[in-house]
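Colleague: Sequence:
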Amino acid sequence: MALIDDRHINEAPLRMSEATPGDYITLLKPRVMSLVVFTAVVGLLAAPGQMNPWLAIIAILAIAVGAGASGSLNMWYDADIDKVMSRTANRPVPAGRVTPGEALAFGLVLSVLSVMTLGVLINWLSAWLLAFTIFFYAVVYTMWLKRWTPQNIVIGGASGSFPPMIGWAAATGNISLESIILFLIIFLWTPPHFWALALFKSGDYERAGIPMMPNVAGHASTRRQIFAYALVLAPIGVAPWLLGYTTLFYGVVSLGLGAGFVWYAWKVLRMRDDDKVMQPAKSLFGFSLIYLFVIFAAYLLDGLVAYLMAAGV
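Residue numbers (the UniProt record's numbering): 1 to 313.
Read the hints as simulated data drawn from the structure, not as lab findings.
Watch out, some of these pointers could steer you wrong.
In silico EDC-like links for lysine to aspartate or glutamate, alpha-carbon gap of 20 Å or less [what the hints assert, rightly or not]:
1) Lys-146 to Asp-82
2) Lys-201 to Asp-80
3) Lys-83 to Asp-23
Work out the full structure: start from the sequences and follow the hints.
Modeller: Written out as structure tokens, the structure is:
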């Protein structure tokens, strides 16, 4: 599939945009980038051995830039549907502050820069994982899955699940079962997180012609699938403790978070089809953000506590 699609290039005469630095920061999707950076840091610090601090900083910066590149390419291609969705209409490209060509060039340059930096200065395994992540998000998910199948976020969610694995690979030069479990936590978290959003934003997705699960399979089926994913996610979240990678501290936190996720998903499952407020879905969406942040923060703190205990501090 060609990366450049003539349908998404403005046919108006070429001109320089009047974009501000803030518009280009917006193209990077800073909120998504912050999550990518955080989970990558956890993967890097959880890995065995000690990485040179300066190399670790370079690795995280490269991963952050790669995540931003993905965001810019996504906003370039999705400008047509972003324009008709209330939560995305003011993004720089659909709002006309950045031209499609500028967003495309920005994303491509950052992609090459981030991958080459990681490969040359850190190692090529982490660089190829980052390159695959950018490709998967920009091409497989954005250009294909998002507009074709209600399973878009299930398969496409893999792109957002790689950062802890990339961080681990940057620190060690390999991939381990522990890093795969961190990948799975995000992978299984993604569908219920986004389907909860889709339940109370289904009108936006319908206007944009995006086949999100509530619009294709219906709300009842979506609620059942959210609950099923919650039941699988909860034990996977506890798996690092069960496999001996963490201490009881993480085990207790992950058990509580998993139980909370299942509880909120149960409330969504029990929603009525005619519920106009969608409060259970909004509550699950909010809790899912807390879940992912806290479970990775607990993983990070657990490693720090174990290190201090081993050092006799």
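Colleague: Take the hints in turn and mark each one as holding or not.
Modeller: Each hint, compared with the structure:
Distance restraint check for Lys-146 and Asp-82: the Cα-Cα separation of roughly 13 Å lies within the 20 Å cut-off, and the hinted pair is therefore satisfied. Simply put, Lys-201 and Asp-80 have alpha-carbon atoms about 18 Å apart, close enough for the 20 Å limit, and the pair holds. Only pairs whose Cα atoms come within 20 Å are accepted, and Lys-83 paired with Asp-23 is accepted, the gap being roughly 16 Å.
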